[in-house]
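Participant: Chains A and B, in that order, give the protein sequences. Note that the numbering used here has the first sequence beginning at 60, numbered continuously upward. Note that the numbering used here has the second sequence beginning at 60, numbered continuously upward.
What the hints contain is simulated information worked out from the structure, not anything from laboratory work. Just so you know, these numbers come straight off a predicted model, no measurement behind them. Some hints here could point you the wrong way.
Since the list gives no way to pick one copy over another, a pair counts as held whenever it fits inside one copy or between any two copies.
[Said to hold, decoys possible] Straight-line alpha carbon distances no greater than 25 angstroms define the calculated BS3-like cross-link-like pairs of lysine-lysine that follow: (1) Lys75 x Lys128; (2) Lys83 x Lys63; (3) Lys63 x Lys89; (4) Lys122 x Lys75.
There are 2 protein chains.
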Amino acid sequence: MIRKAFKMYLNPRCAKTYEERHQKLWPEMKEVIRSHGGHNYSIFLDEDTNVLYGYVEVESEEKWQEIAKTPINKKWWDYMAPLMRVNADNSPVQDDLRNVFYLS
Amino acid sequence: MIRKAFKMYLNPRCAKTYEERHQKLWPEMKEVIRSHGGHNYSIFLDEDTNVLYGYVEVESEEKWQEIAKTPINKKWWDYMAPLMRVNADNSPVQDDLRNVFYLS
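Isolated chain A, as found in the complex:
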């Protein structure tokens, strides 16, 4: 299992809506995450900076990246785009973090 961590950037005053939408994450999105090998997925908010930190364990990087090509994920990006810093295709701007320590 690969442990991934990455940053995303929430717009000001969007924390409540972001959290509410994730609490009601579409069942089809949950299914896509699982069928693409994503496990133990958490997102944390840094309330000082509005930076979001994702942590997810994935079976393979390639399989995980395939999520981006699914219609349901594109629909989710469009839905979330007003709340976040996004790229031209509405995907969230995402910066990977480097693992420097692990203890099982």
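Please build the complex by placing chain B on the supplied structure of chain A, with the hints as guidance.
Facilitator: Below, chain B alone, put in the same frame as chain A:
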């Protein structure tokens, strides 16, 4: 299991040393983490900002906090203090992040 995430602050030009020391983490420190209910512990470095992100699953918050009172952990703090932003007792300055999403 409680999923905790927190920020710590690395000093400039200390990434290599920080990582090397964690790769050689003292067996006594590993033992203390495990005996205080810590599991699946990762630390990630944000190379843009020198911020460290800890992610750890703990059995109880109280048990986890007890680590701070152990002599070996104090020794570890003293050893790591030159590399990090620390409090008066050499504990690393640590800011908790708020969980906003989880999918098993």
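Participant: Run every hint past the structure and note whether it holds.
Facilitator: Hint check results:
1. Lys75 x Lys128: Neither way: Lys75 and Lys128 sit 28 angstroms apart in one copy and 36 angstroms across, limit 25 angstroms.
2. Lys83 x Lys63: both (23 angstroms within a copy, 22 angstroms between copies)
3. Lys63 x Lys89: This pair counts as both: shortest intra-copy Cα distance 18 angstroms, inter-copy 22 angstroms.
4. Lys122 x Lys75: neither (31 angstroms within a copy, 31 angstroms between copies)
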